[in-house]
Amino acid sequence: MLHRTRRCDVCRASCLSRRARIACASLPHRGQRIICTAHRILAQAMACSLFSGLVSSSKTRRSKMKLTYAVELGALCAALAVPGFVHAGEAYPMRPIRLIVPYPPGGSNDIVGRLVGQYLSKRVDQTVVIDNRPGAGSTLGIGMASRSEPDGYTMVIISAAYAFGPSLYKKLPYDAVKSFVPVSKIGNGPNVFTVNPSVPAKTMSELVALAKAKPGTLNFASAGIGSAQQLWFEYFKMLTGVDIVHIPFKGGAPAMIDVVAGTSHVAIGTVVQMLPLIRAGKLRALATGGTKRSGVLPDLPTLNEAGVKGYEGANWWGIMLPAGTSPAIVDRLDKEFAAILALDEVKKQFIKMGAETEYLSKAALSSYIDAETRKWSKVAKQAGIQAQ
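The opening residue of the sequence shown carries number 1 in the working numbering; numbering runs sequentially from there.
Hint data in this document are derived by calculation from the structure and do not stem from the laboratory. Just to be clear, a hint being listed does not mean it is correct.
Stated by the list, open to error - Below 25 Å or equal to it, Euclidean Cα-Cα: the simulated BS3-like pairs (lysine-lysine) are:
1) K237 <-> K381
2) K292 <-> K178
3) K171 <-> K378
4) K202 <-> K214
5) K347 <-> K250
6) K282 <-> K250
7) K178 <-> K378
8) K381 <-> K309
9) K202 <-> K178
10) K381 <-> K178
11) K202 <-> K292
12) K335 <-> K170
13) K170 <-> K250
14) K122 <-> K214
15) K202 <-> K212
16) K202 <-> K237
17) K292 <-> K171
18) K375 <-> K170
19) K347 <-> K335
20) K348 <-> K335
21) K250 <-> K237
Stated by the list, open to error - DEER-style ranges, computed between Cβ atoms:
22) P200 <-> R147: 51 to 61 Å
23) Q126 <-> K375: 30 to 40 Å
24) Q126 <-> K292: 28 to 38 Å
25) P327 <-> Q126: 18 to 28 Å
26) R332 <-> A209: 47 to 57 Å
We treat Cβ as the ideally placed atom computed from N, Cα and C, and that holds for glycine.
Let the hints inform the model, and build the full structure from the sequences given.
Structure, rendered in structure tokens:
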């Protein structure tokens, strides 16, 4: 059935034949607006240049009509193959946006995703739906996002694990370089170094001195081989030269239980994760891994201040879109996130959970991811971590 009443203005105004216009009119309204624009541009360009000579050289009116119609339908097919091609005048967004969080509900990635999603929803007057897709160290959800339509209606929140991935997995379900276009970096969750209260070190310099005086006697617990905790701590070992034994567990919770019990000595995690244990006196905090002091632990020095020069370790968050998304949509969302992160109320909510806002534009985020990937690849290689 032909829905002629749904023809867009472009179809009516174009120089295409009646049959091609009807073909466009039979498409769904949303797809029609995208395709008709591309159809007009491609078909008119082709008709006015390359194919104009061919049409004029045809000897009969019938052959001219056949060739013209073939050109127009070919242009329509070509338009269908153009990903992310959006009518310049089409409002965005016109429907709810999905934000994939590649972690389970309740974690820092989920909390941050819901927070910025709530404010984005208000700004664009559309619902932002949080879609938790945990599994395989976040690669499952990220892979799903990479296979989504590049129409601006599926975003994914990434974290430091995105930069770890190429070093930890031989085969990822996406190309970390080519599958996405960066939108904005939105914040950091600095890590914090802690020890069981039975460990005599009260400061980071004392911990380094103790480890060097008794090499191999201290140990640190992590969530497992190749976990963020291991990479963060291996980086610390690279910069300080200490010999502290790694004890991998199957998950972050068992590792924390062991350190609180005193069986393991040292633990590292995000401020968000460790703050309740620090406040309860079950762990002693020595320093944070951020570039500046934590808003919720203002008296705690950074590792740089404590003498570990050049250290920076944190969970961070950024927004990505599938490759092929219209640059106009990427720019629009980049501007929206910049405005959201500039709000004092948003900054306060980040600080309250032990994190901090940090806006980076799409170009700056791309450079940041590249630098982070190179850094952690070097750390993983030196630590002897094999890609699985």
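Hint check results:
About 13 Å separates the Cα atoms of K237 and K381, which keeps this hinted pair within 25 Å; it holds. For the given pair, K292 sits about 32 Å from K178 by alpha-carbon distance, which is inconsistent with the 25 Å threshold. The suggested pairing of K171 with K378 holds, with an alpha-carbon distance near 18 Å, which does not exceed 25 Å. The suggested pairing of K202 with K214 holds, with an alpha-carbon distance near 16 Å, which does not exceed 25 Å.
Between K347 and K250 the alpha-carbon distance is near 34 Å, which puts this suggested pair outside the 25 Å criterion. Our distance criterion of 25 Å between C-alpha atoms is met by K282 and K250, whose separation comes to about 21 Å. For the hint linking K178 to K378, the alpha-carbon distance of about 21 Å falls within 25 Å, and the restraint holds. In summary, the hint linking K381 to K309 is supported, as the alpha carbons are separated by about 21 Å, within the 25 Å threshold.
Restraint check: the Cα-Cα separation between K202 and K178 comes to about 46 Å, which exceeds 25 Å; the hinted pair is violated. Under the criterion of a C-alpha separation no larger than 25 Å, the hint pairing K381 with K178 is consistent with the structure, at around 23 Å. Using a Cα cut-off of 25 Å, the hinted pair K202 and K292 holds, with the two alpha carbons roughly 20 Å apart. A C-alpha spacing of about 35 Å is found between K335 and K170, which places the hinted pair above 25 Å, so the restraint is violated.
The hinted pair formed by K170 and K250 meets the criterion: a straight-line CA distance of about 21 Å does not exceed 25 Å. At roughly 56 Å between alpha-carbon atoms, K122 and K214 are farther apart than 25 Å, so this suggested pair is violated. For a cut-off of 25 Å, the pair hint linking K202 to K212 stands: about 16 Å separates their Cα positions. Taken as a hint, the K202 and K237 pair is honoured in the structure, with Cα atoms around 18 Å apart against an allowance of 25 Å.
Distance hint between K292 and K171 is unfulfilled; the C-alpha atoms sit about 35 Å from each other, more than 25 Å. The straight-line distance between the Cα atoms of K375 and K170 is roughly 18 Å, inside the 25 Å bound, and the hint therefore holds. Of the pairs offered as hints, the one joining K347 and K335 holds, with about 17 Å between alpha carbons and a cut-off of 25 Å not exceeded. Taken as a hint, the K348 and K335 pair is honoured in the structure, with Cα atoms around 20 Å apart against an allowance of 25 Å.
About 22 Å separates the Cα atoms of K250 and K237, which keeps this hinted pair within 25 Å; it holds. Distance hint for P200 and R147: a CB-CB separation of about 52 Å, consistent with the stated range 51 to 61 Å. Remark: the range hint 30 to 40 Å for Q126 to K375 is upheld by a beta-carbon distance near 37 Å. Taken as a hint, the range 28 to 38 Å holds for the pair Q126 and K292, whose Cβ atoms sit roughly 35 Å apart.
The given range of 18 to 28 Å is respected by P327 and Q126, whose C-beta atoms sit roughly 20 Å from each other. Checking the proposed 47 to 57 Å range against R332 and A209 shows it holds: the Cβ atoms sit about 53 Å from each other.
Figure legend: structure checked against the earlier numbered hints; hints not met, in rising order: 2, 5, 9, 12, 14 and 17.
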